[in-house]
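Colleague: These protein sequence lines map, in sequence, to chains A and B. The letter at position 238 of the first sequence is residue 238 when you use my numbering, and the numbering goes up by one with no holes. The letter at position 170 of the second sequence is residue 170 when you use my numbering, and the numbering goes up by one with no holes.
Quick caveat, the hints were computed from the structure, so don't treat them as lab data. Honestly, I wouldn't trust all of these hints.
[Claimed, not checked] Here are the simulated BS3-like cross-link-like pairs (lysine-lysine), alpha carbons at most 27 Å apart as the crow flies:
1. B:K87 - A:K596
2. A:K71 - A:K285
3. A:K251 - A:K235
4. B:K99 - A:K599
5. A:K285 - A:K344
6. A:K596 - B:K99
7. A:K87 - A:K235
The lines below spell out each chain.
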Amino acid sequence: MARRRRRSGTRRQLERGFVVLTLLLVVAALVLVLVLDRRVTAQFEGRRWTLPARVYAQPIDLYSGQQLSAKRFAAELERLGYLAVAKPDRPGTYRRRGDEVSVHVREFRFADELQPARALRLRFAGEAIESVQDASGSEVPVTRLDPMLIGSIFPIHGEDRIVVSPAEVPPLLPEALKAVEDRKFETHRGVNPLAILRALFVNVRAGQIEQGGSTLTQQLVKSYFLDSRRTFRRKAEEAVMAMILDARFEKADIMNAYINEIYLGQDGQRAVHGFGLASQFYFGKPLAELNLEEIALMVAIVRGPSYYDPRRHPERALERRNLVLRVLADQGVVGADAAERASKRPLGVGEGGRRAGSFFPAFLDLVRRQLRSDYEESDLTEAGLTVFATLDPLLQEKAELALAEELERHDKSGRKAAKGLEGVVVVTTPQTGEIVALVGGRRASFDGFNRALDARRPIGSLAKPLVYLAALETGRYTPATVVDDAPIDLKLPNGDRWKPGNFDKKVRGPVPLVRALTQSLNLATVDVGLDVGLGRVAKTFEQLGLEEAPSELPSMLLGATNLSPFEVTQLYNTLANGGFRSPLRAVRAVVDEEGKALKAPELEVTEASSPEAIYALDRMLIEVMNRGTGRPARQSLPPELVVAGKTGTSNDYRDSWFAGFSGAHLVVAWVGHDDNSPTGLTGTTGGLAVWSRLMGSIVTSSFEPMLPDSMEHRWIDYYTGRETSPYCNGSAVSLPFVEGVWLEPSIECPPGAVEPVEGAYPGPAMVPDGTVIQDAPAQVP
Amino acid sequence: MSRVLILAASLALSACTLPPFERTPPERPAPPAPKPGPSGSGPVLTVPPDVTPLPPGQTPSEIPPPTTRVPKERPRVPPATLSAPSKALVSQAQAQRRKGDLPGASVSLERALRIEPGNPLLWIEMGRLRMDQRNYPQAESMGRKALSTSVGDSTTQSAAWQLIADSLKARGKNPQAEEAAQKARELSTY
Numbered sequence: 001m002a003r004r005r006r007r008s009g010t011r012r013q014l015e016r017g018f019v020v021l022t023l024l025l026v027v028a029a030l031v032l033v034l035v036l037d038r039r040v041t042a043q044f045e046g047r048r049w050t051l052p053a054r055v056y057a058q059p060i061d062l063y064s065g066q067q068l069s070a071k072r073f074a075a076e077l078e079r080l081g082y083l084a085v086a087k088p089d090r091p092g093t094y095r096r097r098g099d100e101v102s103v104h105v106r107e108f109r110f111a112d113e114l115q116p117a118r119a120l121r122l123r124f125a126g127e128a129i130e131s132v133q134d135a136s137g138s139e140v141p142v143t144r145l146d147p148m149l150i151g152s153i154f155p156i157h158g159e160d161r162i163v164v165s166p167a168e169v170p171p172l173l174p175e176a177l178k179a180v181e182d183r184k185f186e187t188h189r190g191v192n193p194l195a196i197l198r199a200l201f202v203n204v205r206a207g208q209i210e211q212g213g214s215t216l217t218q219q220l221v222k223s224y225f226l227d228s229r230r231t232f233r234r235k236a237e238e239a240v241m242a243m244i245l246d247a248r249f250e251k252a253d254i255m256n257a258y259i260n261e262i263y264l265g266q267d268g269q270r271a272v273h274g275f276g277l278a279s280q281f282y283f284g285k286p287l288a289e290l291n292l293e294e295i296a297l298m299v300a301i302v303r304g305p306s307y308y309d310p311r312r313h314p315e316r317a318l319e320r321r322n323l324v325l326r327v328l329a330d331q332g333v334v335g336a337d338a339a340e341r342a343s344k345r346p347l348g349v350g351e352g353g354r355r356a357g358s359f360f361p362a363f364l365d366l367v368r369r370q371l372r373s374d375y376e377e378s379d380l381t382e383a384g385l386t387v388f389a390t391l392d393p394l395l396q397e398k399a400e401l402a403l404a405e406e407l408e409r410h411d412k413s414g415r416k417a418a419k420g421l422e423g424v425v426v427v428t429t430p431q432t433g434e435i436v437a438l439v440g441g442r443r444a445s446f447d448g449f450n451r452a453l454d455a456r457r458p459i460g461s462l463a464k465p466l467v468y469l470a471a472l473e474t475g476r477y478t479p480a481t482v483v484d485d486a487p488i489d490l491k492l493p494n495g496d497r498w499k500p501g502n503f504d505k506k507v508r509g510p511v512p513l514v515r516a517l518t519q520s521l522n523l524a525t526v527d528v529g530l531d532v533g534l535g536r537v538a539k540t541f542e543q544l545g546l547e548e549a550p551s552e553l554p555s556m557l558l559g560a561t562n563l564s565p566f567e568v569t570q571l572y573n574t575l576a577n578g579g580f581r582s583p584l585r586a587v588r589a590v591v592d593e594e595g596k597a598l599k600a601p602e603l604e605v606t607e608a609s610s611p612e613a614i615y616a617l618d619r620m621l622i623e624v625m626n627r628g629t630g631r632p633a634r635q636s637l638p639p640e641l642v643v644a645g646k647t648g649t650s651n652d653y654r655d656s657w658f659a660g661f662s663g664a665h666l667v668v669a670w671v672g673h674d675d676n677s678p679t680g681l682t683g684t685t686g687g688l689a690v691w692s693r694l695m696g697s698i699v700t701s702s703f704e705p706m707l708p709d710s711m712e713h714r715w716i717d718y719y720t721g722r723e724t725s726p727y728c729n730g731s732a733v734s735l736p737f738v739e740g741v742w743l744e745p746s747i748e749c750p751p752g753a754v755e756p757v758e759g760a761y762p763g764p765a766m767v768p769d770g771t772v773i774q775d776a777p778a779q780v781p
Numbered sequence: 001m002s003r004v005l006i007l008a009a010s011l012a013l014s015a016c017t018l019p020p021f022e023r024t025p026p027e028r029p030a031p032p033a034p035k036p037g038p039s040g041s042g043p044v045l046t047v048p049p050d051v052t053p054l055p056p057g058q059t060p061s062e063i064p065p066p067t068t069r070v071p072k073e074r075p076r077v078p079p080a081t082l083s084a085p086s087k088a089l090v091s092q093a094q095a096q097r098r099k100g101d102l103p104g105a106s107v108s109l110e111r112a113l114r115i116e117p118g119n120p121l122l123w124i125e126m127g128r129l130r131m132d133q134r135n136y137p138q139a140e141s142m143g144r145k146a147l148s149t150s151v152g153d154s155t156t157q158s159a160a161w162q163l164i165a166d167s168l169k170a171r172g173k174n175p176q177a178e179e180a181a182q183k184a185r186e187l188s189t190y
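Bound-form chain A, shown alone (with noise of 0.2 Å):
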């Protein structure tokens, strides 16, 4: 009996322990499983309720007499993913014959309306469109085609990638999925433990990983947190997750996620995940265009990304995609005879050079910071958001290739301060402010530097326009009016001496202002600068766009400065609006998912100086591009081009600039070493050639402001500011000055005085020498 009993209370103590123990582990199973459920299910609604923001390009514009021709019009419509057919009846298709191209317009919610899906009919002739009818043959007064999407961004955080909302998904591609990769789903709960043994079984018989049993949500949560190990704890710990997914969310939800989730190649260094982006990424048209063997074919992807890639591996892709059509045939989720012909075909993935949809990451980090400047922060949290932005992307690719070619052309001259150069290029349409080309550096990909918006260099002569728009402010000024180009040896308040010089060290004496500025005569500057005032000239600054004025020193005369290529966007965005500040812009407008639009900044215009004072200065910059430091450009334009622009150098070369603009777009060029060493390039020969080569590819329209009614245009010498005749000097050239001002006469030639010699007419005379202005670097202490 105490025998007995003492066993029974061993046994009693065993059980005691056992329950214990069970009870503990029960416990740490618990903590575990809330543990993974925290993790996992923060992930999932993260990504479920943050679906990104869209960036839209801006859309091109269809009407009688827009500058496109039918060549140029079949290349937009090729990038946007239009297929070229016998029969463009449906939206996405089009056909081209010679000038005139019928094209089945997708519909597009835009900014302030839907625009239904239609068919038109387009005649160009040469470069522009001649006629847009619709199906029933009347005229139709303007439209645009759906734009083209550039991203999606989380405008909090940051991320591109292209989500795509149920209603986008072709409804073959989630049933080709399950019956590929998970024939259970709709029936699991979230892992399927006779595949995982039937894999088990394949895999020891192979002495090998050979097949995964994982369901999609498995491969999701996997996906998740991007760690491929395959550790029997990470298994067992991405099986309670999907089975803690599963029992969270509807089927639906996890297969919505999971075609935006998985991974599906590599762009450069860019990955790509999501069906969305693949689409872009593989074919160049939005997912909901594919059709049967493309999303066999990416479904085949799905196993093995970089195995199965489409462009290295064709052969191994092109029999997994036919392996894929055979399932889907023997599944019954299609026709056998459907996937017979599919199977015939070929992968029809676009060559290389078709990019992920687009790369933009320097414009859209500026899309990323507009919006969090201009909109509220709960607004952007909000889901599903369409962000119509400013880019043009076929400027883009030209601005990306001018640079490209120049900086190449750098590397390959031998010189060693000219190997590696980095380069910015930012365009905009100077009379509505909006960024239509922003270039951050050689390769589109950067990581978080953003050279157009946070390089801050010296500016160099791009300052002299604002001294001389300052001293023109004044009144005292003209374009006519004699300065000094003499030595100057100023004592700096902090005691330091300021000797600057000219570029070839030359001294010029008395010259007028317009030579002075388009010569970039540094002593000629600080002369002017000085007199008009330091304060005056960095008000100025302000005045035409600059956040805050820099700081009074005399060296900020020549461009001591340092400003972001955006900033100095800024400044000579409003010297080529007409004097007219615009903020510029790179959203236009902002919709929810209900397709309501955000309140927003709009179209703003401010008269940021006198109309008399910026008309002499842009006429005096049109004479930096006939016969100043910009005429280099000059062989890279059409002749009959009109142009305004200045160069900028920083102090031993570091920095190379160039801003210009034609009547249509403004461009700013900037050259130069991320490390900040010299680059032996002035801003002719860096930031010009740059600017030139952009500008001789587009098409743009010339520079042509309105002379104000207070003014008169007259001739007058080059050399001496004097007023001349046009037919008798070659030196003679055609400025703006208020009506009834003195100007001291021509002795040689006086105003009136016609040359002797009958004949031809001799034209506005370049340099005498012919020589090539260089800019001159700002010589700062």
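Since the structure of chain A is provided, determine the placement of chain B on it from the hints.
Modeller: Just chain B now, with coordinates in the frame of chain A:
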């Protein structure tokens, strides 16, 4: 004589290069810019904006010498007009304004401005919209922008001054508003 021919040719050319929606017909003054071609392209004839094209047969020596300055007669420019796409977008914007959809109207007008950024009528239209939005300083700015793009076109300038007058009045700046309104009246009687 050859000079005159070149002049005529250059004027004809400048008319040809007008963009399709240039709101002024070819009789507008020749482009003011001296436009030298690339070196070696030969002489380029340029016409300063205040020199009226010479009648055939007149030589440059018959131009009155510039030293005897008389207040010059400004070339008159016919009233600005809207191109077909702008017209469509302006009527769309007006419909949106009537419905009270002011942001929508702004989007439509911006679209028109991208097509014809130099058309003063669009800037005036945008200014009128800003008046509706009670953004009076911007309404005035749009008026000034219209002035700067309508030199010589008294009809349009009058409308721009009227817009400026209204925006000043809305801000209680009555003396300046009256001055602007006076300018609008003077210009309308041209």
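Colleague: Hint by hint, say whether it matches the structure.
Modeller: For each hint, the structure was consulted:
1. B:K87 - A:K596: With a Cα-Cα distance of about 25 Å, the restraint between B:K87 and A:K596 holds, given a limit of 27 Å.
2. A:K71 - A:K285: holds, 20 Å
3. A:K251 - A:K235: Roughly 21 Å separates the two Cα atoms, so the pair holds.
4. B:K99 - A:K599: Within the cut-off at roughly 18 Å; holds.
5. A:K285 - A:K344: holds, 21 Å
6. A:K596 - B:K99: Given that 27 Å is the threshold and the Cα spacing comes to 15 Å, the pair holds.
7. A:K87 - A:K235: Not OK: A:K87 and A:K235 at ~52 Å, beyond 27 Å, violated.
Figure legend: structure checked against the earlier numbered hints; the only hint not met is number 7.
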